[in-house]
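S.K.: Given next are the chains, with one letter for each unit.
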Amino acid sequence: MQQKIDAQQVRKVAKLARLDLTEAEIEEFTGQLGAILQYVEKMNELETAEVEPLAHCLPIHNVFRADQVRESLGTEKTLANAPERDGAFFKVPKILEDSSS
Amino acid sequence: MPVHDLTAMELRDRIAAGQVSSVEATRAVLDRIDRLDPVVGAYLSILPERALETAKEVDRKIAAGEPVGTLAGVPIAIKDVLCTSFGTTTCGSRILQNFHSPYDATVVRKLLDADAIIVGKTNMDEFAMGSSTENSGLRKTVNPWDTSRVPGGSSGGSTAAMAARMCFAALGSDTGGSIRQPASFCGVVGLKPTYGRVSRYGLVAYGSSLDQIGPIAGTVADAALLLSVIAGHDPADSTSVDEKAAPAGDYLAGLNEPVEGLKIGIASAFNAGAEPAIQKAIGEAVDDYREAGAEIVEVDMPHLDYAIAAYYVIATAEASSNLARYDGVHYGYRSENANDYIEVYTKSREEAFGKEVKRRIMLGTYALSSGYYDAYYLKALKVRNLIRGDFVRAFERCDCLMMPAAPTTAFQIGEKVDDPLKMYLADIYTVAVNLAGIPGISIPCGFDAAGLPIGLQILTPAFSEAKLLRIARMYEARTNWHTRKPVGLE
Amino acid sequence: MSDLTYKVIVGLEIHVQLNTRTKMFCSCALSFGEEANSRVCPVCLGLPGALPVMNRQAVEYAMLAALALDCPVAEFTKWDRKSYYYPDLPKNYQISQYDLPLGGPGSIEIPLEDGTTKKVRIRRAHLEEDAGKNVHAAGSFSQVDLNRAGTPLLEIVTEPDLNGPEQVRALAVELQRIVRYLGISEADMQKGHMRFEPNVNLVIDRAGQQFKTPIAEVKNLNSFRALERSVAYEIRRQLDDFLETGRTMQMGNKSTRGWNDVHEATVLQREKEEAHDYRYFPDPDLVPVVTTRQWLDEIRSRLCELPLQRQVRYVQAYGLSEYDAGVLTGDRSTADFFEQAVGSGGDPKRICNLLTQVGLKLANERGRDLLGLGLEPNAVATLAGMIDQGVISASAGNTILQAMVETGKKPETLAQELNLVQKSDAGELEGIVDQVLKENAAAAADVVAGGKKSQKARGFLLGQVMQKTKGQANPKVVSEILNRKLR
Ligand SMILES: [Mg+2]
Ligand SMILES: [Zn+2]
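Residue numbers (numbering that gives the first Met the number 0), protein chains in the order written: chain G, 0 to 100; chain A, 0 to 489; chain Z, 0 to 486.
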C-alpha cells in the first residue's frame, strides 16, 4: 500500500502552517496523517460529481452592518496582551521584506 | 436536601422566594470546588470574589424587590472557550495561558444580564480539539463516576463539574459532539442547538461552520432554561439567525407536554456499531417511548458512515485557518528562542501548541493546500451535502432520530491518546449532526455493568429545539436516571 | 539593432481604499494618521472569538465602482480567506474574494495623447480588507500598527492591454478621476489610498523570431510620476537584459521589483515568484452577498456621467479645447460648478476662461477646490454675461472674479466699485472721438487715405481714445464711431 503522505510533504505542510516540528514529530505525524488520510479517502466511494459543495448549513445571505462608527479599544487595551511593545506599536524582530495585499 | 443537589430551576425559584440566598448557593458551590476539584480537575480558573460579589448584589436586589433576570443567583460554570472580560480565557492552551480578553462573549453578556453567577471557567481539550479532555494543555480532568476514566470531551470540564455538582448548570461548545459525548460520559444533559441559534461571538473558533455553544445541565428543564437565556439573534455574528426567520423562545413553556403521535426514526444498522450495553439501553429507551405511545420507523441513513471522514477534513481545514492567528505577535505566548520574525511564528506555535492541535492544523493545512483541495476539502463539502440530505429525508418520515451519543461509555485515561484515528472514530454518533447543523441532545438513559452512564441522543430538524426538549422531557419524566449521582467522590 | 522591434505589455493590479466611515468588517473608524493602534477592536485585531460583519456601504461602493467600470455585478458573491503570515495581518489570513469576485470582466476608457481614447479590459474587481502597517524605522526591530487593518479595499485587475508608460499613467489618472467622481475614495497616491502594481514585460521581435521577457511586478509606487517612470525604466532594463543575457519568460521566473524614488530605478526584491500557497477557502464566518435586480438598479441610479464622457461632451457641445475640457472635468465639483454656471445662462467658453484662468488658480493657491472659494455659479454666469455684453472688458472680468472671491460681493457691485464699467454710451464717446480726431488730424487723414498707413493710424487713434477714457471705453463702440467718422 502506498503511503498517503511522506516526511518530505509533512515538512512542507509544517512550513506552510508555521510549525517548527521536531524530527520526532515529523516521523510521528507522517504515520498518523497517512493513516487518517487513508481513512478519509473512504469518501471516494461516493459519487459526488453532481453534488453541490455545502460550505454553509444556513441558507442566509446579505447580513450587513450600517456604516456607523463605534468606539475602538484604544491603544492601551489593544496592546494589553502584546508579548512585546514599543510605545504605541507592537514590537517584532526586524521584518526583512514587505509583502502586499 | 443539601443546596447543591437542587436543580438550577429549583435553586432559582428558592432564591427568588428568599428561601435560599445566592451567596449561600455560591458558597456551597465554591466549597465543593475546594473539596472535590483537586481530584476532578474540572476548573481551569475559579472566580470566587467576583462570584460572591455578584451573588451579594443579586440577593440585595431580591431583598429590595428589584426586578432580576431569569437565572438570578444561580452559579454557572462556563467552558474556557468563551471570552470573558474578567479572569483569563485560555481555551485550554498554553498559547493563551495568560490571555485576558478585553471583551465578553455574547453568551457571557446574556448570562450576566440574566443575573447568573459565573463561578469559574472549565477545562477542555485544547481549542476544543478532542473527545476526552486529555488534550488540555493546562490540566487533567477525570470522570466523577470513575476517576480512572476520562470525562469525555472537549467540554469535559463542564460536564464533570455538572456531574460532581460543582455548579448548577454549565455552558459547553460542540463542534463534533463536544457537548453531547461528555454529557453522556458524565451522566448529565447536554444540548447542541441548531447552528445559528446561539451567537458564536466570543466563542474561540475551532471549526467555524460547525461550532455551537450549548447548555450542560442536570435536567432537561435546566437545559431549556439556559437555552432560553443564551439563544437569539446577535448582530455581531453574521451566522446567527434572524429572529423573524426562526424565533428563539421560552423553551420552558410547554416543556412538560408530551408530543402527540411522536414518530421516532431509528437507523438500526448505524446504531449497531455501539457496545452491546449501549445498544441495549438505547433499545429500552425506545421501548419506553413506544409504551408512551410513540411509533417507531426504520430510516435509512446511507451517508452517515462517511461523516467522520468529511468532518475531520472540514473541521481541521477551518481550524488550520482559525488558529493561524496564534503567532506570538499581537497576543498570547511568544517563544524566547526566536531569532527572527519568522521564528516568532514557528517556534511560538511549536512550543505552545499541544500535539493534537498541531496534528489537526497539519491535516487541515494539507487538505486546503494546492493540489489537494479538490480531493479532500471540496470532496468533504459535497459529502456534507449528502449527509444533510440523509437527515432531510429521514425527517420527512419521523419527528426525531434516536441513537447513542457515543459507541462506548467513558474509557480509561490514556487508552486512546496514542492512536488519533481510533479517537476520531469514536465520534461516529455525533459529528454528522454538526455537519447538518441540526440540534441534538444527550440525556441519561442507563448505566453499563461498570456503573458508567450511558447517553441517549435525540435529534430533530433545524430550529426545532422546543420540540426536541419536549421529547427529551417525555423520557426524563418517566425515568430517574438523571437523579443518580456519582458515588465515592465525596 | 535595426532588425529588432518590441512591444510593451503592461497589466495593472490596483488597490483602492474606499472612504467609508468604518472598516470593512468592524465598526472602527478609518484611520487618518492617529496614534498607532488607536483604531483597533477585537475584530480587526483578530482576537480569539471575534467575528466579522460586512459593511453595507463598502459593498455598495464596490458595486458602484464595478458599474462605472462596465463590470457586470455578480448575482452571487462570497468571501474567501487568503492565508499568509505577516505581522500586519493579525488573523494571518486576509478576507478577500477568490473565485466569485463582485464584478468583472469590464473595461475602462482612457484618453490617449493624440486625442483618441482606448478601451482597456478589466479582468475583475473585488472587495477585500487591507492589512495594517509594518514600520521599519526603528532599526533593529520592526513595529506594527493595525490602524489600517480592515480598511475596505477595492482590488481592480486589468488585462495586459497597456502598451507604454504614458498609457499606464493615463489609466491611473483616469481611474483616480472616476473613483473621486463617484465619491468612493480620496484616491490620494501619496497617502496610499490608491496603489498601483504594474506587471511589465516586452514582446521582442528579432529576425522574425519572437521572444518574451520575464514579467516584473513593480511595487512601492507613490505617485503618477513614479508609476510612469518605473514602467519606462523597466522597458529599458528588460531590453538591456534581453540583449545581454537573452533571458526569456519561463515558468516561475517572474520577479518582484521595488521602485526607488531617489535613484529612479527598480530594485530586485524577489527573484523567483515564491511558490505561494494561499489556501483559499470560503470564510465560514461570513454569509454570501446576493445582489438583487432592485438593489442593483438603486445603485445604478447613483451612477453619474463619468469624467471622460463629460470631457468629450464639453469639446463637442461647447467647443472647448481638449485641454480646457480636461481641466474642468479633473474633479467632479469643478465640472458640476461649470455646468451650473452654464445652466444659469453663461457662455461656456467665457465661463471656462474665467474658471481656468482665475478660479482654479485661486483655489489652488488656497489649497481648496472651486466650491471652497464660496463662489456662486450664477454669479459667475452673470460676470460672463457682463463681459459678453461689453459692460466690462475680459481682463476686468478676471479682476472682478478675484474680487468676488475676496469680498463675496456681486459682480455688478464690484464693477461699479472698482470703476471697471466700460463707457459704451455712444453720445459721450463721440465727443471724445471728435476731440481726438481734431488733435490728430494727420493720423485721421492717413486712415481716410487708405493704403499702407491706414491700419496703423486707426490703431493709434483707438489707443488715444482709450487713453483719454483711462481704458474704460468699450473698444468695440469706439471702433464703430471711428469707422463711421472716417469713411
Ligand atoms: Mg489583493
Ligand atoms: Zn476594528
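Since the hints were derived computationally from the structure, they do not count as laboratory data. Take these hints with a grain of salt, some might be off.
Per label pair, the in silico range of CB-to-CB distance [claimed, not checked]:
1. 373/A <-> 296/Z: 50 to 60 Å
2. 342/Z <-> 67/G: 32 to 42 Å
3. 1/A <-> 67/G: 44 to 54 Å
Beta carbons are placed, not taken as given, at the ideal position from N, Cα and C, and that holds for glycine.
S.K.: All hints, please: hold or fail.
M.R.: Cross-check of the supplied hints:
Between residue 373/A and residue 296/Z the beta carbon distance is about 38 Å. The supplied range of 50 to 60 Å is therefore violated. Between residue 342/Z and residue 67/G the C-beta distance comes to about 36 Å, which sits within the given range of 32 to 42 Å. Taking 44 to 54 Å as the suggested C-beta distance range, the pair residue 1/A and residue 67/G conforms, at roughly 51 Å.
Checked against the numbered hints above, the structure breaks only hint 1 and satisfies the rest.
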